[in-house]
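Student: Take a look at the letters that make up each chain.
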Amino acid sequence: MSDTPAFEPRIVAFFCNWCTYTAADLAGTARLTYAPNVRVVRIMCSGRLDPQFVVTALRQGADGVLIGGCHPGDCHYQEGNYKMLRRFHLLKRMLKQFGIDDQRVRLEWISASEGDKVQRVINEMVAQVRDLGPLALVGKPTPHPDASEKHAAA
Amino acid sequence: MTKPKVGFYWCASCGGCEEAVVDLHEAILDVVAAVDIVFWPCAMDFKRTDVEAMADGELAVCFINGAVRTSEQFEMVELLRRKAGVVIAFGACAQSGGIPGLANFTSKAAILANVYEDTRTTVNPHKTYPQATVQVPEGTLTLPVLDETVRALGQAIPVDYYLPGCPPPAKLIADAVGAILAGTLPAPGSVLAPNVGVCHECTRKETKPEKMLVTQFKRPHQVLIDPAQCLLAQGLVCLGPDTRSGCGAACPAGNMPCTGCLGALDQVRDFGAKALSGLASVLDAGEDAAIDAGLAGVPDPAGTFYRYSLPASELFAKLPE
Amino acid sequence: MSQKITIDPITRLEGHGKVDIFLDDAGNVERAYLQIPELRGFEKFAEGRPVEDMPQITSRICGVCPTAHHMAASKAVDAVFHVEPSVPGRKIRDLVYSIFFVEDHALHFYYLGGPDFIVGPTAPKAERNILGVLGKVGLEIGKEVIGLRRQLRELIALAGGKVIHPVLGLPGGVAKALTKEDQAKFIAAADHAVEFAEFTLKIFHDIVLKNPDYVAWITNDINTHATYYMGQVDAKNRVNFYDGQIRVVAPDGKEFLKFPAADFHQHVAEQVEPWSYIKFCYLRAVGWKGFTDGADSGVYCVAPLARLNAADGMATPKAQAAYEEMYALLGGKPVHHTLANHWARLIELLYAAERMQELANDPDIIDPNVRTLPTATPTEGVGIVEAPRGTLVHYYATDADGLVTRANLIVATQNNAARIAMSVDKTARGVIKNGKVDDGILNMVEMAFRAYDPCHGCATHALPGQMPLRLAIYNAAGVQIDEIRRDG
Ligand code: SF4
Ligand code: SF4
Ligand code: SF4
Ligand code: FES
Chain V
1 MSDTPAFEPR IVAFFCNWCT YTAADLAGTA RLTYAPNVRV VRIMCSGRLD PQFVVTALRQ
61 GADGVLIGGC HPGDCHYQEG NYKMLRRFHL LKRMLKQFGI DDQRVRLEWI SASEGDKVQR
121 VINEMVAQVR DLGPLALVGK PTPHPDASEK HAAA
Chain S
1001 MTKPKVGFYW CASCGGCEEA VVDLHEAILD VVAAVDIVFW PCAMDFKRTD VEAMADGELA
1061 VCFINGAVRT SEQFEMVELL RRKAGVVIAF GACAQSGGIP GLANFTSKAA ILANVYEDTR
1121 TTVNPHKTYP QATVQVPEGT LTLPVLDETV RALGQAIPVD YYLPGCPPPA KLIADAVGAI
1181 LAGTLPAPGS VLAPNVGVCH ECTRKETKPE KMLVTQFKRP HQVLIDPAQC LLAQGLVCLG
1241 PDTRSGCGAA CPAGNMPCTG CLGALDQVRD FGAKALSGLA SVLDAGEDAA IDAGLAGVPD
1301 PAGTFYRYSL PASELFAKLP E
Chain C
2001 MSQKITIDPI TRLEGHGKVD IFLDDAGNVE RAYLQIPELR GFEKFAEGRP VEDMPQITSR
2061 ICGVCPTAHH MAASKAVDAV FHVEPSVPGR KIRDLVYSIF FVEDHALHFY YLGGPDFIVG
2121 PTAPKAERNI LGVLGKVGLE IGKEVIGLRR QLRELIALAG GKVIHPVLGL PGGVAKALTK
2181 EDQAKFIAAA DHAVEFAEFT LKIFHDIVLK NPDYVAWITN DINTHATYYM GQVDAKNRVN
2241 FYDGQIRVVA PDGKEFLKFP AADFHQHVAE QVEPWSYIKF CYLRAVGWKG FTDGADSGVY
2301 CVAPLARLNA ADGMATPKAQ AAYEEMYALL GGKPVHHTLA NHWARLIELL YAAERMQELA
2361 NDPDIIDPNV RTLPTATPTE GVGIVEAPRG TLVHYYATDA DGLVTRANLI VATQNNAARI
2421 AMSVDKTARG VIKNGKVDDG ILNMVEMAFR AYDPCHGCAT HALPGQMPLR LAIYNAAGVQ
2481 IDEIRRDG
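In order, the protein sequence lines correspond to chains V, S and C. Residues in the first sequence are numbered from 1 upward in steps of one, following our numbering. Residues in the second sequence are numbered from 1001 upward in steps of one, following our numbering. Residues in the third sequence are numbered from 2001 upward in steps of one, following our numbering.
If we strip away everything but chain V, and leave its shape as in the complex, we get (with noise of 0.2 Å):
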């Protein structure tokens, strides 16, 4: 089919309150334009995020999922970016082996100020994945197909 329109990736990003969050407000504000692809989760830190919010996301249609925390050491709660780090390198291995690129799933520190750091990482990653083309999760298992419809066992 030559004229399905082009594929607009869906992201889901979670930003940490004190930072990402504040600064994709203040790319806002500043008008400093980015893809409108992406859906915002506001969490109080990165180290909050539960990797199961990543794979639901995943599950449920995201494309990509962008994560933003504060710098290493600008934590509100210490050592919260540092577990998102953690989990995040654990994660991104397991994404590889159920077939799932490394460019889908994206961790980046961006502090209050850095409004046009959300700019710029958020229209990579839309280019990225819109290359990378639609999630294609196996589904769930489906319902039995017929059973009396018999087909040769290989």
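Bear in mind the hints are in silico, worked out from the structure with no lab data behind them. Quick caveat: nothing in here was measured; it's all calculated off a predicted structure. Where is the CB? At the ideal position from N, CA and C, for every residue including glycine. Do not take every clue at face value.
FRET-style restraints, in silico, Cβ to Cβ [unchecked claim]:
1) R120(V) - D1118(S): 28 to 34 Å
2) Q78(V) - A1109(S): 38 to 44 Å
3) N2361(C) - V1032(S): 35 to 41 Å
4) I1037(S) - K96(V): 44 to 50 Å
5) D1118(S) - G99(V): 51 to 57 Å
6) V1123(S) - G133(V): 56 to 62 Å
7) V1136(S) - Q2266(C): 56 to 62 Å
8) P1227(S) - V2087(C): 48 to 54 Å
Given chain V, work out where chains S and C with the ligands should sit, using these hints.
Tutor: Same frame as chain V, but now just chains S and C with the ligands:
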């Protein structure tokens, strides 16, 4: 009072769940006395037509173990669902896919090619594969068709309760039977095991530090394991904190880490992601290189965290060929 | 073709294995097919998993003999890591394995295979089960069986964390050391097991061997196949379950091959048939000549009788005496009568119990040095044990991180698959004549393969193998005209 009718059934099962029932030892006689076991294919004879002849709901409780893998299994569990008032998914395979569910990392075609062509003892110049229907000189033979994927029981039919474990510990089986007889089953959808972690039952829990910090995860063959210290604190990948208890921390009692067979606690939606999170959180490393080095002891995160629950995972993978 | 008979385990509904028998116009058997209708693909999904986890992952092939898979995989990972287990580690594995053998063989005799003999092959089917056995031998013995089973299984759990899917095996040894108090329990159980095994052999003598009808049935040509035999032997060519070399004897009883575990794939190949998920093993040196016996056919046999045939004797005194007695009574080596497997199994039961006793008393088993840490880069390796149902082979190859890149598993029943299929075929031909089929005859067919204690769970890398049967008779139009059922 008439005795409640109870059935046991197995799908793609290793038989360990059936053995677990036999491991009630003498107590099994009490069970047999209290209920009317209508069928149990491993120990008794019954026919599908016997089940078909039952009224819908006639069977008070049906325990089903094993994952759903073939057309025949699916037909049978659908039938049992109609006949049984309560269906209990028995064991990890029925609850969440179990170890045979790891087959969902690959495809049916890849499995067949591997078994019938690639394994090093196979000699198959004509690329013969088993067929659903095959003509032999004397007539026709048939084989059931394998499904593309392995399904947990709850992905094939609605399930009322889950009895977790690979296999379920004898105590949980006995408690579940007790609850059925006393009419004290909890709300439908419940897992019939305590909602606390394995650590709770572990003899090493006193040695589990308040603030757990591990600089390097290690694989069990790489270290001599201290039989008294918390395994996680020793840097072993022990999933005890995120796994439901009920087994008496059996694997730590064998001086090996918990691999998570009793599955998730109530509040958890995806066991693998949760266990991954818990493990990464105790790593004491800040820089990328140190983190990667520390995580080298977890070389197969997907297969480790979803060892018993791949079909039930949010990501539910089949790897690209 | 006028009729097709399906002997179908009621567990067909789950896909546990079935036998189809085709009759010709006269109602005689044209050919019987044993089909294994499932497959799970452990070899494929082992790929990518850490090899040190294989003892736990592959034990899920079978919950009836998880300990056999656990041990074969543990030995394979020793080989993959190029590590020799510490002496205490090896002995604890061997001890646990002996316990498992006692338990499994005893269970088979009293629950599965024994009823045919103790109660009688053509006795009413309602009595051909454990209850019938208890009727013959007394309830006290029944309690003994349950009590011993419990005692043995608790010991496996003591050493292995769990009894179903134990966790002790690691490259270089075992995870857990045993204490002095533990040892006392093992010794007590071993003494109990030896007595029990002797007693069980005595029952077999009294009930089976003293009955000329049974002996005639055992030695009947219908139940006989002259094939090659395979089993693991120690340095003196005596039966060993846990370790040794693989020895194959020809149908005339002479040594044909002897090789270390690592060479298994050079000597054995698997044949694919389109009508079964199971593959059929044969000796490469002879080749696949179809479902036929004799020295020109690569079909071979494993499990108790084959092990005894392939060895020169037993390593323990009481079992050795029983071994000599069996061959004396059955006319020397090798014995080709399938049903002699039941006798051979009890000789092995006694051997396993004596071996357990030996190891339980060994001071090494409470030595804390239970493991040698591997230091070499992992590559590939084979681990072989004798499972109760025959030679069990695990092979893994890994990358430098020890992640599995290839696996190859040959389970006991696969080795036997061709001969089991032949036995069923031959027995069916012998007992089904002119379309006459009744329950006793059906049971004789079933006995032909129950003697092997086939574990189709293992065979399909899927399911366990207790096989209650259903026999359906179809007329030429494919309409079912009769049905006979029996309990497992
Ligand atoms: S849950 Fe475990 S013991 Fe039960 S059938 Fe599955 S693999 Fe076997
Ligand atoms: S060893 Fe494992 S189960 Fe026991 S306390 Fe430590 S983390 Fe928990
Ligand atoms: S310790 Fe963990 S893996 Fe072992 S039996 Fe208990 S829940 Fe299962
Ligand atoms: S507060 Fe922003 S990452 Fe912790």
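Student: State for each hint whether it applies.
Tutor: Hint check:
no.: 1; hint: R120(V) - D1118(S): 28 to 34 Å; in the structure: violated, 47 Å
no.: 2; hint: Q78(V) - A1109(S): 38 to 44 Å; in the structure: violated, 51 Å
no.: 3; hint: N2361(C) - V1032(S): 35 to 41 Å; in the structure: holds, 39 Å
no.: 4; hint: I1037(S) - K96(V): 44 to 50 Å; in the structure: holds, 48 Å
no.: 5; hint: D1118(S) - G99(V): 51 to 57 Å; in the structure: violated, 21 Å
no.: 6; hint: V1123(S) - G133(V): 56 to 62 Å; in the structure: violated, 42 Å
no.: 7; hint: V1136(S) - Q2266(C): 56 to 62 Å; in the structure: violated, 32 Å
no.: 8; hint: P1227(S) - V2087(C): 48 to 54 Å; in the structure: violated, 19 Å
In summary, the numbered hints that this structure violates are 1, 2, 5, 6, 7 and 8.
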